[in-house]
Structure formats: C-alpha cells, structure tokens
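Position chain B against the provided structure of chain A, taking the given hints into account.
As you go down the protein sequences, you meet chains A and B in turn.
Sequence positions in the first sequence follow our numbering and run 70 to 500.
Sequence positions in the second sequence follow our numbering and run 407 to 513.
I should point out that these hints are in silico values taken from the structure, not numbers from a laboratory.
The C-beta atom is built at its ideal place from N, Cα and C for all residues, glycine as well.
One or more of the hints may lead you astray.
[Claimed, not checked] Over 12 Å on every C-beta distance to chain A, these chain B residues come out as not near it, computed from the model: (1) G458; (2) P467; (3) A473; (4) A476.
[Said to hold, decoys possible] Label pairs and their computed distance ranges (CB to CB): (5) A:G128 with B:S459: 44 to 52 Å; (6) A:G194 with B:P467: 52 to 60 Å; (7) B:S497 with A:D157: 39 to 47 Å; (8) B:P467 with A:Q383: 20 to 28 Å.
[Stated by the list, open to error] Simulated coverage check for chain A against chain B, where a stretch passes if three residues somewhere in it have a Cβ under 8 Å from a Cβ of chain B: (9) 153-165; (10) 347-357; (11) 401-408; (12) 478-487.
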Amino acid sequence: MISRRNLLKSIGATALAGSALAMPALARANGNAAGRVVIVGGGFGGATAAKYIKRRAPGIDVTLVEASGRFYTCPFSNLYLGGLRDFDSIGHDYAELTGRYGVRLVADLARDVDGAGRTVTLASGETLAYDRLVLAPGIDFRWDAIEGYDEAAAELAPHAWKAGPQTKLLKAQLEALEDGGLFVLSAPADPFRCPPGPYERVSLIAHYLKTHKPRSKILILDAKDAFSKQGLFTAGWQALYGDLIEWVGLSNDGKVVRVDAAAGEVETEFGTIHKAGVLNVIPPQKAGFIAHAAGVVNESGWVPVRAETFESAQVPGIHVVGDATIAAPMPKSGFSANAQGKVVAAAVVAALGGPASPEPVFANTCYSLVGPDYGISVAGVYRAADGKVVPVEGSGGLSPAEADAAYRRREARYTLGWYAAITQDIWGTAA
Amino acid sequence: MRRSSVFHAAGLASAALLAAVLAGAAAAQEADASLLAGACASCHGTDGRSPGSIPPLAGKPFAVLSAQLAAFKAGEARDATVMTRLALGYSDAELEALARHFSQIEP
Chain A
70 MISRRNLLKS IGATALAGSA LAMPALARAN GNAAGRVVIV GGGFGGATAA
120 KYIKRRAPGI DVTLVEASGR FYTCPFSNLY LGGLRDFDSI GHDYAELTGR
170 YGVRLVADLA RDVDGAGRTV TLASGETLAY DRLVLAPGID FRWDAIEGYD
220 EAAAELAPHA WKAGPQTKLL KAQLEALEDG GLFVLSAPAD PFRCPPGPYE
270 RVSLIAHYLK THKPRSKILI LDAKDAFSKQ GLFTAGWQAL YGDLIEWVGL
320 SNDGKVVRVD AAAGEVETEF GTIHKAGVLN VIPPQKAGFI AHAAGVVNES
370 GWVPVRAETF ESAQVPGIHV VGDATIAAPM PKSGFSANAQ GKVVAAAVVA
420 ALGGPASPEP VFANTCYSLV GPDYGISVAG VYRAADGKVV PVEGSGGLSP
470 AEADAAYRRR EARYTLGWYA AITQDIWGTA A
Chain B
407 MRRSSVFHAA GLASAALLAA VLAGAAAAQE ADASLLAGAC ASCHGTDGRS
457 PGSIPPLAGK PFAVLSAQLA AFKAGEARDA TVMTRLALGY SDAELEALAR
507 HFSQIEP
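Next up, chain A with everything else stripped away, as it sits in the complex (with noise of 0.2 Å):
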C-alpha cells in the first residue's frame, strides 16, 4: 500500500523528471560547462567545431577567426572548373553560425599563438584569450619544394587548390585555351589535401574539354606511382573520354621539379620538358601557417594528434582539426575535417565541465566525379586506439570495378546530395 507521503514524493519526482525531459537531452547534460573557446579558421573543420560545441553547450563562448566573410570550397570547385556550376555556388557565409548559434566571428588572420599564456594574437594587434584553442588552418603550399614555382608564378601557372580568385583564373584560362591545346597538371606526392582531387579535376576538365574543343588533351605528370581510386578513374576514363586523358606516374618520369610559368614549360626529373597550353600545378604542402606558429608541427610539416580528441601531441589546451593534421589513414577531405570538428566539439565540451565524451567513431566518403552521371566513391570506418587514428577491419572500401551505368549515376547523384548535405551541416547553406 502507498502511504500519502510516498505518493507525494512520487507525484514530485515525476514532475521533476518532466520537466528536465521538456529540455533537450544535450541541453541539459552539457548545459553547464562554460568557458572561452578560439577556433582560428572557418572552413570544413572550424565551423564545424564552432556549431558543434554551440548545440552541446551554448554556454561555452566561441569566438570564430576567419578573415574572409564568404567561404569558398576546395569540394566541388572541380564542378566549377568543368562548367557545371557556377562560382557562387560554392561559397558559404556564417550568418547562421552568429545569428543562430551566437558564435562571434571576428574577422581578422590570427598571427601568434601563445601555448603557454593560452592566447592568441591577431593581425590586428588585439589579443584573445582561451581556455581551449582550435587550429583548422587548413593547408600552406610549399614554394621552396619546386624549381620556379613561387607565388608570383602561380599568378601565371595557378594551383587552384585553395579556392578563390586562383580558381577562377585557371577556369579563365581554359575558356581561352584553343582547340587542340594541351592541359597539364602536374600532381604532387603524398600526403597532401584532398587525394582524388586531382583526378576529379582532369576528368571534369576533360568533360568540358570533350565539349567544346575536342581536339584538346590532358597530360597529368604525377610524383608518385600510385594514386586515390587508380582503377576507377582509368576505367572512367575510357569509358567517358577514350584516349583524352594521359597519366604518366612517378617511374615514368611524371615527377616535376622545374617549371617556367611564363614559357608554360615543365621539366620532370630526368630532363623531359612538356610544354602547355594550360598548366596547373598543385604543389607540395604543409599545415598551414598558424599551426607552425603555435609549435604544434612536426619535422614532417604537418600536426600530430591524439586521435581520441585531436588535441596537438606537443601542445596542450591546443586541438587541430582538417587539412593540417597527421591523421592518416582518414585522407586530408572536407569530409574528415567535418568527422573530426565535431569529435573536437565533444572533447572541448569534457574539458570544459561538460560529460566526458564518448568514444570517437570517424567516418569518410570522398565522392568524385568522373563526368555528370558516372560518380565514384571510396568510404572508411575509423576509430581511435592508443591516440591513433585506425579503421575499422572489414569496413570501407571503393565502388566495385563492375558496377553497372545506374549505380555510377546513383553515385553521381549522391555527390550532389552529400555537398548539399555537408554545407548545411556547416555553415547552414544548402547548395
């Protein structure tokens, strides 16, 4: 039998137990922890970081560096470069990262980064402090790496691997490339941001090649011997392009160390010079400026982490998402740098007086396009163990070699759905 006075107790625990239900389930376990948060960098990884940590506990303050107002994506810059979408469809803003999740953005580089003190300093002068610091620095370029190719070159012979007014310039180029002419690109060695891009750019240059000069070649000159979905992109290539597209690897004499931006020349290793109509070099890179700053780099130029919460292994309080992390074997992709904002966002939260967070699982899909019905894909599982970053036995894998015309359509139809999908999930503007 229950006494009045039990029932009254459980009467108020139900009630009480109500109204914490009323409140989100994350709100309330994480609503407490507080503290100052600087993330320097509004790409894939950093504005993931700055949404993610908002929705698991708005009361941490999160200030967002980013100098430019509009972010222009390395993903599916390629589509622009092939003429299926235009420029602007590959830029982001933060409006809803300020006006929804109260992130302030402070428009200014970060030029100094004190492990010690825990600040930062920007261009400006000002200083800002952190309890918890996020780097996504994304990449720099290495201008000593090839003979001639400086940034004074690339204004000539561009990159396009940042994208930006480079992008653009190369898409110029091609527009003014007569029929006939040659396309070179030349392709550095791993690690480096974004393994398939390469091979996504050729096709889809040879895509719009195809269509309006289809006299025209490619050339690409590789400084490795073995490239991200090798099989897939050959067999694409036929299928889509014939005998368009040439790849000459590393052993073949593909690797560039010399190039004459004005001349539109290269020279490979052993003294064979190839002459352009185009030419795109895509250098070799490193962690991108701040994270050198920081003295969170090693002697390979990039950032290693402990793969439980992307913390710097040389710095603490310090978490480097994206590009400029040694994350391998998860690829240097928007995706990644998306998977690992946000296991940062749980990590940061712990620190700061949140629940501790739940093991982090990292997934990956790098879609590409070989042309606008024929996609590609390869996907992985990874998880941390001993602070490395390792996949998942049995999981993953590339699109099978003998899939039929409807399943490369279904994958050139997810590309588009997984831009649209990953920009809102960022920056809140669906594509």
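Just chain B, lined up with the frame of chain A:
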C-alpha cells in the same frame, strides 16, 4: 471511493514515473548516439534533415531505420552504394542506437 481514487492516482503516478525513467534512459542513450550520429549528418544533413538527394533520416520509424541499417550491414539492401561499406564499421548496438536517435528527431 476515496481510497480507490488514491490507488488510481498512485497507479497513474507510478506509470508516469516509469515512463519518465524509461525516457530518461532513452535520452542517455541518445546523448551517446549524438557523436556517432555526427557522421551521418555529413551526407544526410544536420539531425538527418537532408536538404538534397540523399534520403532524410529524421523522424523515420525506428523499425524502418533499424531494418535498413541491418540490411546495409548484411549487404542485402537494394540499390545501396556507400552505406553497404560504411555500415560494416559499426556494431549492431551502435546501429540500433543510431536508428533510435534519428527516429526520435522531429522531421
């Protein structure tokens, strides 16, 4: 009369309490799935509200999501592409948690 209504009220209250406890347990599980579910959002949109050609997940019945994920993992889903490869990276319990997570989100 009075006695029976007290019993009645007590029965209701404990049923409500039980429901609250169960919901609390589900909420705890959901919180855990939130990090797992982050990976889904990269293609299916934030909270599984897809803006594009990839199917939305938010608000789909638990049984439907759970059966579909199991079919992906078993390699038996029709017209599947990348999900056949990704589902193999998750335990059955994780796939269940994901199905529950997205079934509880308003579409």
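Among all the numbered hints in the text so far, which are the ones the structure does not match?
1, 5, 8, 9, 10
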